[in-house]
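Engineer: Here the protein sequences come in this chain order: A and B. All the letters of the first sequence, read from the start, carry residue numbers 84 to 328 under the working numbering. All the letters of the second sequence, read from the start, carry residue numbers 3 to 227 under the working numbering.
Careful: at least some of the hints might be erroneous.
Part of the chain A face toward chain B, derived, beta carbon under 8 Å [what the hints assert, rightly or not]: (1) Glu164; (2) Leu172; (3) Gly182; (4) Tyr252; (5) Asn283.
Honestly, the hints are just simulated from the structure, not real lab data. Computed from a predicted structure; not experimentally measured. All C-beta atoms in this analysis are idealised placements derived from N, C-alpha and C, irrespective of residue type, glycine included.
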Amino acid sequence: MSAAPWVAEAPAVEARGVEKWYGPLPAVRGIDLALARGELLTIFGPNGAGKTTLLRILCGAVRPTRGTVFVAGEQVGGEEEGWRRRIGLLSHQTFLYPGLTAAENLDFYARLYGLPDRKGRVEEGLRQVGLLERRGDRVRTFSRGMQQRLALARTLLHEPEVVFLDEPYTGLDPHASAMLRAVLDRLKDGRRTVVLVTHNLSQGLEQADRVAVQVGGRWVSDERRGEIDAARWEQVYTERVAAAV
Amino acid sequence: MAGYLAQAWAVARKDLLLEARSRERFVSMATFAVLVAVVFSFALDPTVRSRDIAGAMLWVTVLFAGTLGLGRSFALEREADALTGVLVSPAPRGAVFLGKWLANLLIVLAVEAVVFPVYALFFGLRFAGALGGLVLVVFLATAGFMALGTLFSAIAVHTRLGETLLPILLLPLLIPVVIFAASATQRLLAGRPLAEVGGNLRMLLAFDLVFLFVCTAAFGSAMEE
């Protein structure tokens, strides 16, 4: 099974007036976004800014209180669910079952996505993240870095066109971080769109085409990477957050 | 439809694989059920013919033991937030529900395969001649129980009260199932013919169909954050 053809000229990800309220508390307010195919958007922001909530709304895991989201022209949460085949979500939570082996976890997700040649896909996924030798070991026995690498293989198993990454570097050692960064670099092939939420200012900026800063649920800036002076970015970011809080 | 069933089977297969590895739910439910049978055997007045109340005792035991295991059904999905991974996949919510229901059904049926012989041993029950009818009653009653139980287990896991809330929500709604299952079991154990419990079986089947349809449809809303 494969997703329907991409709606011509449709942004890869589009959000219109997205808001999320938990009772009287706003988590996300008035977000409008149009992300072109192949772009990598990094969203920075302090803790509690609503970045994770926004990401979960964009990938359909959370229903917004107001506003709509489209992936490749298909409304997220709508009756047609082809958009689910287009997206992959990597969070600091791995979405893996500790009692299953690495291969069993990927095989489970391959079945949910109805992928052909499951065995081949699972082996290829494990090979890409350097875990082929550990395919028969239960995830419970893996280190945090290995679990995150396996979660990355799970995210990319069905070759999603839009990848959402929520703090993917959390808890990783330098080796695992480097491996993750190499995989993300490979994702920037001009076809795949990536939305990355991170606290890591240097890594997030290095890989981005667009950069947004979210504070108190709102975006206080949204600009092209070329408009940003990398040397002053930390200072600029701190000032923006301080001004918005 | 084939894809839908394959996705439901993927969920059930995964739950059964996890249970086969840990045996956590089976062991806790079966131990609880056997202990209840032991307590009943001591607590009952010797003048009471246990065969006369065996149907009720069996189903009360199954109900509480099953509820104990249901609490863990969605707790499995909370570890590492795996439920989010399942819900952002293209698997329809209904298929996810049916997979969880099937796994719960098979695990509780396995527990019942232990509970019934234990009761036979403690209370001198004879299943010979009634076995076919009993299997039918057990299957139909457990299928309805698990349909409601799977839905409420999914709801309860999102709340702070969690496993405490599950029996409070679930048990009142299961009273009709218990009435028909206990009365059919009682009559079959008393040596009455299967035809005599036909009405009970039809009612249990009707509950199963309604519960399965409603719970499958409601599961999507229960999963909305």
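Engineer: Sort out which numbered hints this structure fails and list those numbers smallest first.
Structural biologist: 4 and 5
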